[in-house]
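Engineer: For reference, the chains in residue letters:
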Amino acid sequence: MNFEKRSKLIIMLGACLFLFTGLLLAQDEPSSASENVIVEQSSDTPAVVAVSGDSAADHKSAMLMAGLTIFVISIFVGVEVITKVPQKLHTPLMSGSNAISGITIVGGILVSADCASADNKLAVVLVGIAIALAMINVVGGFGVTHRMLSMFTKRKKAPST
Amino acid sequence: MDSKVIYDIFYLLAAILFILGVKLMGHPRTARRGNMFGVLGMTIAIVISIMKANDIMKVNDIMKANEALVSLQPFTLFVIGLCCMIGIFFGAILATRVKMTEMPQLVAVFNGIGGLASVLVAGAALVVATDLFVDEKIATALSGFIGSITFIGSAVAAGKLQELNFFKKGFPLPTFLRHILNLALVCGCGWASYSLLNASSDQAVLLYIAICGFGFVLGYTLTAPIGGADMPVVIALLNSYSGIAASATGFVVGSNILIIAGSLVGASGIILTSLMCVAMNRSLLSVLFGGGKVGVDVDADEVYATVKRTTADDVAMMADMAERVVVVPGYGMAVAQAQNAVSDMADILEARGVTVEYAIHPVAGRMPGHMNVLLAEADVDYEQLKELEEINPTFETVDLAIVLGANDVVNPEARKEGTVISGMPILDVDKAQQVVIIKRSLGPGYAGIPNPLFAQDNASMLFGDGREMIQEIITSLKEL
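Residue numbers (the working numbering), protein chains in the order written: chain A, 1 to 161; chain B, 1 to 480.
Some hints here could point you the wrong way.
[Stated by the list, open to error] Quick list of the computed label-pair ranges, beta carbon to beta carbon:
#, chain 1, residue 1, chain 2, residue 2, range
1, A, V125, B, V59, 20 to 28 Å
2, A, V125, B, S200, 18 to 26 Å
3, B, L285, A, V125, 35 to 43 Å
4, A, V125, B, R415, 57 to 65 Å
5, A, M63, B, R33, 32 to 40 Å
6, B, F289, A, V125, 35 to 43 Å
If you are wondering where the hints come from, they were derived from the structure by calculation, not from laboratory data. Please read all numbers here as calculations on a predicted model, not as lab measurements. Even glycine gets a Cβ: it sits at the ideal position worked out from N, Cα and C.
Take the sequences, apply the hints, and build the full model.
Structural biologist: Shown next as structure tokens:
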């Protein structure tokens, strides 16, 4: 399977590139962030603030690294799992993954809390639209996949030979 | 235990369910359970998110109460609930009402909706954020860019698949100017994203809108010139984009479940894209930007000098005497809505002891797996649907191959050097004992070259509409 190897290689290279960029970013992070904190609160006890700023930034970059690691690894898992799906199930796979990409709804719900905290009604409504759209994806995607798969698994009358 | 930890554990559970669900999609028998795993995972993720959002708002309300501010908590919960209901309502309508023949359009529409949702969520996060880190800004820009391309690109793809007149025209600019325009749009996006990194929050929102604007236009200019037979690649690619956009949104809101699920979808789309490209023997770049191989012009009249015609009666006779019949469906079967007639014909033949199978080329139709869905809808057992690698070595033992509305995927020219389709994997239909091609005319397929199979000694043409011809064969079979 030449093409499989090739596509895997491309994905691997892309993932490594992504991880590398992330590493660079993460290294960049602490210095600039801690500077910001020091500038904001210059008058009182800069030393302590700098330390706390560092730890906040460290936390942030640790989160970024964790996110990138998760991203890269789940792409590998995805590739491994999905290459095993046979051609006849490709359409249900697509509509099923449509439904899974409706996971944006989680992002929408979490951001809506931030919007409420920021007292921004307009943003809440904006996110509401996103939630409705993502929900269409989730319900429509899973529903249509179920419909299709029921057709696939439905047994026809016994062969007459 | 800290409630945040509990929430995260449930998110992890949802992620596991997604991965297992996709894994179970690998076999027709377990696929339905896989889908149910997905539903379960998504339900957990949504419920946990609402609880988590409620917690965040409660904490903020305590702070607000001290400053005598009005709480937005009830309003927000109401909006979330209402929008979920709206989404469920329209989603259920789409899932139950859309015909199986409209599946490619529906998948395209779902891709686009996913992209737009990512654009909105990332945008809202940018509006209310106070201080974003560089990586979050990059993720926001990416989310807006990819999401907006996915949205308009999918809208165009769906319009083309639905054969709306507006999208039939193609694209007015010549190829060279189109490349320049695309490049300019990408540069514009790059500039806006770069400025976003150092912008104040008001500017940032404007720049984000600019990024999305560029993305919208780019989505149109990229997909409008792409022709119908390349749609499987485009849909698979947009599928991947919608996942990557969700993943980028995950980096914006700092949610691992979004990153996991998004990259799962992204990987699935990329794999399908590369499978489709290989099955057409074209590079992704040549599909997206046009161009590609140029073959030697062949005179169609010369190739078709020895074409024989046949009648439905003769085909019925051949099929009745055969031991093994293989149907090779193409997009023409979908256009003629012939799947039910084909299934009926197969039933009659099987009742008379003939083995009937279906040879499915990976790019037959307008999306990955299109033919399988149509035939499954027509009650064909999935065991009878054979993939290219599986059936090709056995074509010599096939007594009768019926090609229904397929052309380029059975063109033996692909085995020769120097043609447009050289190297493309094809179904070895020409090796069957007898071949009948049901087709309206001798017109070329998408590749634009004549097909020597039609003029082969063992081949004959049955000219006419796919469904009508199959029905005529059925009538003749019953009279035998």
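Engineer: If a hint holds in the structure, say so; if it does not, say that too.
Structural biologist: Verification of the supplied hints:
no. : hint                        : in the structure
1   : A:V125 - B:V59: 20 to 28 Å  : holds (23 Å)
2   : A:V125 - B:S200: 18 to 26 Å : holds (24 Å)
3   : B:L285 - A:V125: 35 to 43 Å : holds (41 Å)
4   : A:V125 - B:R415: 57 to 65 Å : holds (59 Å)
5   : A:M63 - B:R33: 32 to 40 Å   : holds (34 Å)
6   : B:F289 - A:V125: 35 to 43 Å : holds (39 Å)
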